[in-house]
Amino acid sequence: DSGVTQTPKHLITATGQRVTLRCSPRSGDLSVYWYQQSLDQGLQFLIQYYNGEERAKGNILERFSAQQFPDLHSELNLSSLELGDSALYFCASSTGALNTGELFFGEGSRLTVL
Amino acid sequence: GNSVTQMEGPVTLSEEAFLTINCTYTATGYPSLFWYVQYPGEGLQLLLKATKADDKGSNKGFEATYRKETTSFHLEKGSVQVSDSAVYFCALSDRGGSNYKLTFGKGTLLTVNP
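Taken in sequence, the protein lines are chains V and U. Each position in the first sequence, counted from 1, maps to that position plus 501 in our numbering. Each position in the second sequence, counted from 1, maps to that position plus 452 in our numbering.
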């Protein structure tokens, strides 16, 4: 158990809809990262938050947004969903602001867009 | 930019066989190198790491040596078990601007048969 909690584990929705994925980091970790894992693209970094502020941005689409709340949990919002957004979305956490590579991953939220 | 190339799977071995999963990288700086493992239905877990040339990372019988001259970080285990069946990801972390960037390979599926 990594200590990182993600909900929901599975989500099925239709094209055009909006969903919210939630992540609680390990106790004491201030950074939260979101990754998308798909068969064709592999593991893609989306965005990082540190102590409530956006720290780094990766290949995140404009239809996607994220935030980190004062209690350090984070939410990833996916809107105007397309079939290609079907993927496994991972949250990871670390102690500091710099992504030095040692991350703790949650079990992921599997999104299926029909 | 940085990139990680690892051998395509799937790799299927019998129990107690020797394992090698090749990983090579391209980086502009002096990256740290990692192997992550993803067991079925779980998130990624850090397996081992090496932060400078000639360092050897090891954990759970797995080893990998940071070879700067060949830009490689091959994962090895002398005798695999059924419980080692998982997807293995090679990754590098390198400084880019004010943060580090973590780049993953596409993953290699290992299946170990009894």
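These are calculated hints, taken from the structure and not from any lab test. Do not take every clue at face value.
Think about it this way: if two alpha-carbon atoms lie no more than 16 angstroms apart in a straight line, the pair counts; the simulated EDC-like pairs of lysine to aspartate or glutamate are [claimed, not checked]: (1) V:Lys510 x U:Glu494; (2) U:Lys558 x V:Glu576; (3) U:Lys553 x V:Glu603; (4) U:Lys504 x U:Glu521; (5) U:Lys553 x U:Asp507; (6) U:Lys512 x U:Glu528; (7) U:Lys553 x V:Glu555; (8) U:Lys520 x U:Asp536; (9) V:Lys510 x V:Glu576; (10) U:Lys512 x U:Asp546; (11) U:Lys508 x U:Glu494; (12) U:Lys504 x U:Asp546.
Listed next, with one range per pair, are the computed distances between beta-carbon atoms [what the hints assert, rightly or not]: (13) U:Gly453 x V:Asn552: 44 to 50 angstroms; (14) U:Lys504 x V:Gly517: 29 to 35 angstroms; (15) U:Gly453 x V:Leu562: 35 to 41 angstroms.
If you want a taste of the chain V side facing chain U, the calculated C-beta under 8 angstroms gives, among others [stated by the list, open to error]: (16) Gly504; (17) Gly553; (18) Lys558; (19) Asn560.
Idealized CB from N, CA, C, for every residue including glycine.
Original post:
Of the hints stated earlier, which fail here?
Top reply: Going through the list in order, the structure violates hints 2, 5, 8, 10, 11, 13, 14, 15, 16, 17, 18, 19 and respects the others.
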